[in-house]
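Chain by chain, the residues run as shown.
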Amino acid sequence: MCATCGCDSNASTSIQQIGEHHHHDHSHSHSQNKTMIAVEKDVLHENNLLAQRNRGYFDAKNILALNLVSSPGSGKTSLLEKTLTDLRDQFSFYVIEGDQQTTRDADRIHATGTKVSQINTGKGCHLDAHMIFHAVQGMKPKENSILFIENVGNLVCPAMFDLGEKERVVIISVTEGDDKPIKYPDMFHTSTLCIINKIDLLPYVPFSMEKVKDYAKQVNPNLEFIELSCTTGQGLQNWYEWIKEKVLVETEA
Amino acid sequence: MHELSIVMSILDIADKESERNHASGIEEIELDIGELSGIDLNAFDFAWQQAIKSTKLENAARKINHIEGEGKCMDCETVFMMHNLYDSCPNCGDHFINIQKGKELRVRSLTIN
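Note that the protein sequences, when read in sequence, are chains F and U.
Residue 18 in numbering that gives the first Met the number 0 sits at position 19 of the first sequence; the count goes up by one each step and never skips.
Residue 53 in numbering that gives the first Met the number 0 sits at position 54 of the second sequence; the count goes up by one each step and never skips.
Wrong hints could be hidden among the right ones.
What the hints assert, rightly or not - With a Cα cut of at most 30 Å, we get these calculated DSSO-like pairs of lysine-lysine:
| no. | chain 1 | residue 1 | chain 2 | residue 2 |
| --- | --- | --- | --- | --- |
| 1 | U | LYS55 | F | LYS33 |
| 2 | F | LYS81 | F | LYS245 |
| 3 | F | LYS139 | F | LYS81 |
| 4 | U | LYS15 | F | LYS182 |
| 5 | F | LYS122 | U | LYS15 |
| 6 | F | LYS216 | U | LYS15 |
| 7 | F | LYS122 | U | LYS55 |
| 8 | U | LYS102 | F | LYS122 |
| 9 | F | LYS212 | U | LYS52 |
| 10 | U | LYS15 | F | LYS40 |
| 11 | U | LYS62 | F | LYS122 |
| 12 | F | LYS139 | F | LYS182 |
| 13 | U | LYS62 | F | LYS33 |
| 14 | F | LYS182 | F | LYS216 |
| 15 | F | LYS182 | U | LYS71 |
| 16 | U | LYS100 | F | LYS40 |
| 17 | F | LYS165 | F | LYS81 |
| 18 | F | LYS216 | U | LYS71 |
| 19 | F | LYS122 | F | LYS165 |
| 20 | U | LYS71 | F | LYS33 |
| 21 | U | LYS102 | F | LYS182 |
| 22 | F | LYS40 | U | LYS55 |
| 23 | U | LYS102 | F | LYS165 |
| 24 | U | LYS62 | F | LYS40 |
| 25 | F | LYS212 | U | LYS71 |
| 26 | U | LYS52 | U | LYS102 |
| 27 | F | LYS210 | U | LYS71 |
| 28 | U | LYS71 | U | LYS102 |
| 29 | F | LYS212 | F | LYS245 |
| 30 | F | LYS182 | U | LYS62 |
| 31 | U | LYS100 | F | LYS165 |
| 32 | F | LYS212 | U | LYS102 |
Honestly, the hints are just simulated from the structure, not real lab data.
Model the full assembly from the supplied sequences, consistent with the hints where possible.
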C-alpha cells in the first residue's frame, strides 16, 4: 500500500520516467438489521480530492499545468514537440504522457530534451488525478515551470476526470470533421481553449471553420479558438502567445 | 468506456461505507445519475454487471434515480428542460446557460444489514 494516498497496487497502470536509470517499480491504482445509510457522496469524490491536491501543489509552485485532450491522431504530440523546441529558451517544461501502451510518445518528447514521464494506462481510456499525483511525485517539476499533460487519445472519457490542471485544451484536426463538438459535447464543454490543427489540409477536406466554431460555441460559449498547423507553422505564434499570457497571469497572482 | 472507472469508484464507496458501518451485506444501493453527467447508461449497465461479480454489491438491488437536465438562461432567466449540453434557451436562443440539474453522479444511499 502506498503511504501517501493509501492506494493498493494495481497491475494495469504503470508510470515511468523516461531517460532515467532508476526504475520505480511501485505501481498503483486506487487504488442483521436493515439500515439505510445516507451516503450522498459524489462518485468522483476521490478523484476530485486528489485533483485539488494536485492543483494546490501546482499553484504553490507556480506551475502552469495544461491538460491536452483530443481524439487519437489529432496532433497532440506533434504540437508538443514543436512547442517544446520553439520555446525551450523561455520556459522550463515538463511533460506527462498518457497512452494505453508503449513509450513512443514519451520517447519523442524525450528527444526534444524535455523531462517526461510516461503513464501507461493498460486498458484504461483516460488519465485520472491519482495517476498524475504519482507521476508528479516521480518527476518533481521545478517552480515557475509549465507542465503539459497529454491525455489518452479519446474524445469522450477524459472529460469527466479533473487532473488538477489550470486549463484544459481540446485539440481537433480538420480531418476529423466539423461536427465533433456536438457529437462529443462533454469534452468541449469542459475545455477553455480549442486548438484547430492541420489547417494546411483545409483545401483538401470538407471542413467549415465557421461551422466547427458555431457548434463548439453552442456547447461552450466561452471557448477560445486558435487555428494552426504544426506542419507549416502557421498560427503557432498565437498558441505561444496564449501560453505566455497564462504564465504571466500565474506570476502576478 | 469510462463507465467502468465510474462503477469501480461506486464499488469503492460502497465498500468503505459498509465497512465503516460494520455491515455484513448490502441489500440496496441508490444512485443519482443526471442526464447531463456524461454517463452512457448502456455502457454503465455493461460495466456494472462485469464489475460487481464477487463484490459486496453482487447481490444488492440497484436503484437509479434518473435526474433530468435543467438549465437557466443567463440572459433572460428562463428555466427549461435541458437534454443536451448544446441546447439553447427556448425563449431567447442564447447558449449561455447555467446548468442547474442533470450533472449529478453520486451514491445517495446504501441499505445494509
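Tested hints:
1. Only pairs whose Cα atoms come within 30 Å are accepted, and U/LYS55 paired with F/LYS33 is accepted, the gap being roughly 15 Å.
2. Proposed proximity of F/LYS81 and F/LYS245 is supported: the alpha carbons are some 18 Å apart, at most 30 Å.
3. For the given pair, F/LYS139 sits about 23 Å from F/LYS81 by alpha-carbon distance, which is consistent with the 30 Å threshold.
4. Proximity of U/LYS15 to F/LYS182 is assessed by CA-CA distance (about 37 Å); at most 30 Å being required, the pair is judged violated.
5. About 25 Å separates the Cα atoms of F/LYS122 and U/LYS15, which keeps this hinted pair within 30 Å; it holds.
6. Restraint check for F/LYS216 and U/LYS15: the C-alpha separation of about 41 Å exceeds 30 Å, so the hint is violated.
7. Restraint check for F/LYS122 and U/LYS55: the C-alpha separation of about 24 Å stays at or below 30 Å, so the hint holds.
8. A distance of roughly 26 Å separates the Cα atoms of U/LYS102 and F/LYS122; the hinted pair therefore holds under the 30 Å criterion.
9. Proposed proximity of F/LYS212 and U/LYS52 is contradicted: the alpha carbons are some 45 Å apart, above 30 Å.
10. Restraint check for U/LYS15 and F/LYS40: the C-alpha separation of about 12 Å stays at or below 30 Å, so the hint holds.
11. Distance restraint check for U/LYS62 and F/LYS122: the Cα-Cα separation of roughly 28 Å lies within the 30 Å cut-off, and the hinted pair is therefore satisfied.
12. Of the supplied pair hints, the one linking F/LYS139 and F/LYS182 is violated, its CA atoms being roughly 38 Å apart against a limit of 30 Å.
13. Proposed proximity of U/LYS62 and F/LYS33 is supported: the alpha carbons are some 16 Å apart, at most 30 Å.
14. Simply put, F/LYS182 and F/LYS216 have alpha-carbon atoms about 13 Å apart, close enough for the 30 Å limit, and the pair holds.
15. Restraint check for F/LYS182 and U/LYS71: the C-alpha separation of about 23 Å stays at or below 30 Å, so the hint holds.
16. Between U/LYS100 and F/LYS40 the CA atoms are separated by roughly 16 Å; this keeps the pair inside 30 Å, and the hint holds.
17. Under the criterion of a C-alpha separation no larger than 30 Å, the hint pairing F/LYS165 with F/LYS81 is consistent with the structure, at around 21 Å.
18. Restraint check: the Cα-Cα separation between F/LYS216 and U/LYS71 comes to about 17 Å, which is no more than 30 Å; the hinted pair holds.
19. Restraint check: the Cα-Cα separation between F/LYS122 and F/LYS165 comes to about 27 Å, which is no more than 30 Å; the hinted pair holds.
20. At most 30 Å may separate the alpha-carbon atoms for a hinted pair to count; U/LYS71 and F/LYS33 exceed this at roughly 40 Å.
21. Our distance criterion of 30 Å between C-alpha atoms is met by U/LYS102 and F/LYS182, whose separation comes to about 18 Å.
22. Between the alpha carbons of F/LYS40 and U/LYS55 the distance comes to roughly 18 Å, so the proposed pair stays at or under 30 Å and holds.
23. This hinted pair checks out: U/LYS102 and F/LYS165 have alpha carbons roughly 21 Å apart, not beyond 30 Å.
24. For a cut-off of 30 Å, the pair hint linking U/LYS62 to F/LYS40 stands: about 15 Å separates their Cα positions.
25. At most 30 Å may separate the alpha-carbon atoms for a hinted pair to count; F/LYS212 and U/LYS71 meet this at roughly 23 Å.
26. For the hint linking U/LYS52 to U/LYS102, the alpha-carbon distance of about 28 Å falls within 30 Å, and the restraint holds.
27. The hinted pair formed by F/LYS210 and U/LYS71 meets the criterion: a straight-line CA distance of about 25 Å does not exceed 30 Å.
28. For the proposed pair U/LYS71 and U/LYS102, the alpha carbon gap of about 14 Å is at most 30 Å, so the pair holds.
29. The straight-line distance between the Cα atoms of F/LYS212 and F/LYS245 is roughly 22 Å, inside the 30 Å bound, and the hint therefore holds.
30. Note on F/LYS182 and U/LYS62: the hinted pairing holds, with a Cα-Cα distance of about 29 Å set against a maximum of 30 Å.
31. Straight-line distance between C-alpha atoms of U/LYS100 and F/LYS165 comes to about 25 Å, which keeps the hinted pair within the 30 Å bound.
32. Between F/LYS212 and U/LYS102, the direct Cα distance comes to roughly 24 Å. Compliance with the 30 Å bound is thereby established for this hinted pair.
Violated hints, listed in ascending order, are 4, 6, 9, 12 and 20; each of the other numbered hints is respected by the structure.
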